[in-house]
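**Student:** In case you want the letters, here they are:
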Amino acid sequence: MTNGARPRGVIERAFGFVIAASCLAPFAAASNPEWDALFSSPDSSARRTATIADLSKVTSGADAHRAAPPAGAKGSARVLAIRARKALGVGELGDTCIDDAIVIVRDGKIEAIGPARTTPIPAGAEVVDCGARWIAPGFVDLHCHIAAGSLGDINDTVYMTNPELHASSTVEPNNPSLRLAVAGGVTSVLFIPGSGSNMGGQGVLLKTGLDHYEEMVIRDPGSLKLAQAGNPERWAIGVGRSHMNWNTRNTFERGLAYAHAWQEFEKGAGPRPERNIQWDIFRPLLAKTTQVSTHTQRYQVVLATLTMVKVGFGLDVYIDHGEWFGSKLAAYAQSIGVKAIVGPREIDAPSGILDTDGHVLGIAASYQQNGHKSIGFNTDAPVVPEEELPLQAAVSVRYGFDDAHMDSLRGLTIVPAQTAGIAQRVGSLAAGKDADILVTGGDPVDPRSSVDIVFIEGRRVYDSSRETRRW
Amino acid sequence: MVRTTTITWRGARFAFQAGLLAATAIATFALSRAATAIEPAMLAAGDSKAAPSMDELFKEAKAKLPEATKPMIVAGEKGGPGLAIKTRKALTVPLQGEQYIDNAVVIVKDGKIEAIGPARTTPIPAWYEVVDVGDQWIMPGMIDLHSHVGGTFDINEMVYLTNPGLRVSSSVIPHNDALKTTVASGVTTILFIPGSGVNVGGQGILFKIGLDHFEDALVRDPGSMKLAQAGNPESWTVGIGRSFMNWNTHAMFERGMLYAQLWENFEKGKGPRPERNFDLDIFRALLSKKTQISTHTQIYQVVMTTLTMVRKEFGIDVYIDHGEMAGYKLAGFAKELGVNAIIGPRVIEVPTRQFINWTGSNPEAILGIAAEYQKRGMTMIGFNTDAPVIPPEELFLQAGMAARYGFEYANLETVRGLTIVPAVTAGIANRVGSLEVGKDADIVVMTGDPADARSHVEKVLINGKHVYDTSKDRRRF
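As they're listed, the protein sequences go chains A and B.
Quick note on the working numbering: the first sequence kicks off at 22 and runs consecutively.
Quick note on the working numbering: the second sequence kicks off at 791 and runs consecutively.
Since the hints were derived computationally from the structure, they do not count as laboratory data.
In this text, a Cβ means the ideal position worked out from N, Cα and C, and glycines have one as well.
Among the hints, erroneous ones may be present.
Stated by the list, open to error - For lysine-lysine, the following BS3-like pairs were computed, each having C-alpha atoms within a straight-line distance of at most 27 angstroms: (1) B/Lys-849 <-> B/Lys-902; (2) A/Lys-107 <-> B/Lys-879; (3) B/Lys-902 <-> B/Lys-970; (4) B/Lys-879 <-> B/Lys-1255; (5) A/Lys-394 <-> A/Lys-309; (6) A/Lys-349 <-> B/Lys-1262.
To be verified - If we take Cβ atoms under 7 angstroms as the criterion, some of the chain A residues that face chain B in the derived model are: (7) Gly-135; (8) Arg-138; (9) Lys-288; (10) Gly-379; (11) His-380; (12) Val-381; (13) Val-418; (14) Asp-423; (15) Gly-463; (16) Ser-471; (17) Arg-487; (18) Thr-489.
Stated by the list, open to error - Each pair of labels, with its calculated beta carbon distance range: (19) B/Val-1140 <-> A/Gln-321: 36 to 44 angstroms; (20) B/Pro-1141 <-> A/Gln-321: 42 to 50 angstroms; (21) B/Val-1140 <-> A/Glu-193: 18 to 26 angstroms; (22) B/Arg-1264 <-> A/Arg-255: 31 to 39 angstroms.
With the hints as constraints, model all of the structure from the sequences given.
**Tutor:** See the structure below:
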């Protein structure tokens, strides 16, 4: 085993060096007009996006060595048709289902979906007949810490607020945890820093089962991670909720002032501000091209999420890591358009910390009963293993979450997709969306069903009939 | 001013205490007088006939209680009026025949099932109380044949490497906290057994959970003799391996069965009276098949020994318990010998290098253990938890996971593996394990299929008594 690993490591390192050298080459030459333009641009996120684009150019040079893309995948001329006994999570809102369904996949996207009798299969298409099995959209988890090689990489607590750190710098594609995630049906994740400080840094929205970072990225920055209480107290002795709130508010105030100054400058209404890369994330936050994801569990901090972040600063935010009695604010959250993603705890059990008056309460059910209509589920992996995301929904149903309208599946797919602002690409089986499709033995929320095949962007990234079953 | 108040207060307190003392003294005196009066009468009675037993005294006292203070006997319970439960679906799971009834009625009287059938053909006597559970389903209480949470945890005594004389019945706490959650998950009967620190840990006990009194809860004692051939007993001392453990176990069985045989001969008048040996008494129950052996038998080789040594050589009633790892390769042989398989706590076999040397098992893929037994023709497959290894309330999830990993359940095999299969295996199917006429009314009311984790338990009846009801109690699980 170890003998085999050594040469592979060497090759990887050598390959990494080639990529690094290719990336650094423009710096060395310093005569590339495109790069000059980029570096003179004040917008760091534009530069980072361009860097990623450039990186993909470098790696696409190696495409010649890769096998031709399979039918349905990006870049393939061939079309893929998937036929299944039942398709769940169909339509823009993922709220319908189709018996005996056919999905046509072209160039990584869903071209069409409908009943077999009315959905013709284009000539020359590769047909995957799933027989009695069902299909569903890939699951989306908005609270994930396992895309890095090591957990130690994503909980840097240099300051108490670290809005400048990027989780994207630690991604390790297809690591063992991600391989399990895929086998559990999780195809998209928001990979975020830990909650050791009030702001851990910037998360990144990723596809799970792909080999290359540039293919994986859905959005970077995916979010700014905010953790108002629960862990950041440990940052130093003497820190309590009031100080943490003051410090966080202070960071927001300064960051948004910085972003406003840039906005004024770009409109020609003010002087060019000095660049401060610590505050750059607040520019996409102000422009609403990214959002705040919150580790917000207790009543008081959920309240701060709603009053301070949403109403006070007007940022796009949602309740993430939703737990405990935050559900008492469900109606208020619903009224101001703040969605609720519940987990890793799915129940309030009688304990020393919480006074539930002896009752076991389902948290998703509490949000629902209090009037919330957009409820999703997260794992906080590895707190709950990433592959057990569907079990979070099943447990919620067990504890009273009304599933009469497929809300358990919707909470794993379209609700988090809408919450993260990526529903145009993922979250349901609809024409134009990415072909992220699960083939399952039955209802994917039922723990008795197995995930047999996973497609991500039309590519078969997991197939338990062809490889060892992972989960 | 303050001082005066204090003094006054002290004075008042003194007066009160003095009064209290006086009252106590008077009461004590009166009582002692009364006792003296009663005593000679009792002694005299004792002379003429045997003193009444505790039980008789208790009954007498109960009879004298005013009507209002007697515990109310609820419909369905022993001595109470009849109870009829109407349900959308009853998973009756008898050993053979139809496994469920739609729109069913089950009629309970005196803690037993008096009748069960479709609503249109099952008349409810007019004076019976009717409970309509609507869309909810009912099923028999679940049975876990491998549990260590029946009371105190001092059940892994390792004085010798084989301890057939030990009894866990001395550790039972009938309604302990772990069991309160367990009963809320629909489990009603457990085999509480000693740990596997030695090859023979002692005698297990079959009892119902959710009941307050040991004498009501008891199903069978000894429930089994616990055998653990490998996996933990190695750590008993330095230098012992599988061969020694097998020899030691084998020797103990030889001695025990010989002892039992001598007693049988004596009882038939064919031999002298053997010397009593407490340590080996359990073998008399084993020889006469009044009890059986439950085995912590997981690895191929020890499942093999279970079949060849315990079942074939000694002819003892035994089943595969704690079924795991590559033991499934013997499923065909086990079926041939009538040895049932109870699977768990591991319900899957994972490709890992960790166990190769120890178990010889080296699967290429994740295998569902129940599914592998099933593929090889085994039909009597049940599930256990080895609680607290798997929490006792997650028994149903063992069946759910088996289904996820390929266990076919088109004929309700998941439900059967939680109910009738362990009941038959433990030899208690005359009382529990299915909803059939004459059996104990151990009934679980659920929102759907028990092996589906999305369903939850609403009510549990044991011997017709409501022991858990989410409409009255707080939900515990």
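**Student:** Hint by hint, say whether it matches the structure.
**Tutor:** The hints, checked one at a time:
Between B/Lys-849 and B/Lys-902 the alpha-carbon distance is near 24 angstroms, which keeps this suggested pair within the 27 angstroms criterion. Our distance criterion of 27 angstroms between C-alpha atoms is met by A/Lys-107 and B/Lys-879, whose separation comes to about 25 angstroms. Distance hint between B/Lys-902 and B/Lys-970 is fulfilled; the C-alpha atoms sit about 23 angstroms from each other, no more than 27 angstroms. Under the criterion of a C-alpha separation no larger than 27 angstroms, the hint pairing B/Lys-879 with B/Lys-1255 is consistent with the structure, at around 21 angstroms.
Taking the CA atoms of A/Lys-394 and A/Lys-309, the gap is near 23 angstroms; set against the 27 angstroms cutoff, the hint holds. For the proposed pair A/Lys-349 and B/Lys-1262, the alpha carbon gap of about 24 angstroms is at most 27 angstroms, so the pair holds. Hint on A/Gly-135 is violated. Least Cβ distance to chain B is approximately 29 angstroms, over the 7 angstroms limit. With a cut of 7 angstroms, the hint placing A/Arg-138 at the interface with chain B is violated, because the nearest CB-to-CB distance is about 28 angstroms.
Using the Cβ-Cβ criterion of 7 angstroms, the hint placing A/Lys-288 at the interface with chain B is not satisfied: the shortest such distance is roughly 53 angstroms. For A/Gly-379, the interface hint holds, since its Cβ comes within 7 angstroms of a Cβ in chain B; the closest pair sits about 5 angstroms apart. Of the supplied interface hints, the one on A/His-380 holds, with its beta-carbon coming within about 5 angstroms of a beta-carbon of chain B, less than 7 angstroms. Below 7 angstroms, beta-carbon pairs count as interface contacts, and A/Val-381 has one with chain B at about 5 angstroms; its hint therefore holds.
Interface hint at A/Val-418: satisfied, since its Cβ lies 4 angstroms from the closest Cβ of chain B, which is below the 7 angstroms cut-off. Interface restraint check: A/Asp-423 against chain B, minimum CB-CB distance 12 angstroms, threshold 7 angstroms, status violated. Hint status for A/Gly-463: violated, given a least beta-carbon distance of 9 angstroms to chain B, over 7 angstroms. The interface hint given for A/Ser-471 holds, since its Cβ lies 5 angstroms from the closest Cβ of chain B, which is under the 7 angstroms cut-off.
Because the smallest distance between the Cβ of A/Arg-487 and any Cβ of chain B comes to about 11 angstroms, over 7 angstroms, the interface hint for this residue is violated. Taken as an interface hint, A/Thr-489 checks out: its beta carbon lies about 5 angstroms from the nearest beta carbon of chain B, inside 7 angstroms. Taken as a hint, the range 36 to 44 angstroms holds for the pair B/Val-1140 and A/Gln-321, whose Cβ atoms sit roughly 43 angstroms apart. The hinted range of 42 to 50 angstroms is satisfied by B/Pro-1141 and A/Gln-321, whose Cβ atoms lie roughly 47 angstroms apart.
Range check, B/Val-1140 to A/Glu-193: Cβ separation about 23 angstroms, and the 18 to 26 angstroms hint holds. The hinted range of 31 to 39 angstroms is satisfied by B/Arg-1264 and A/Arg-255, whose Cβ atoms lie roughly 34 angstroms apart.
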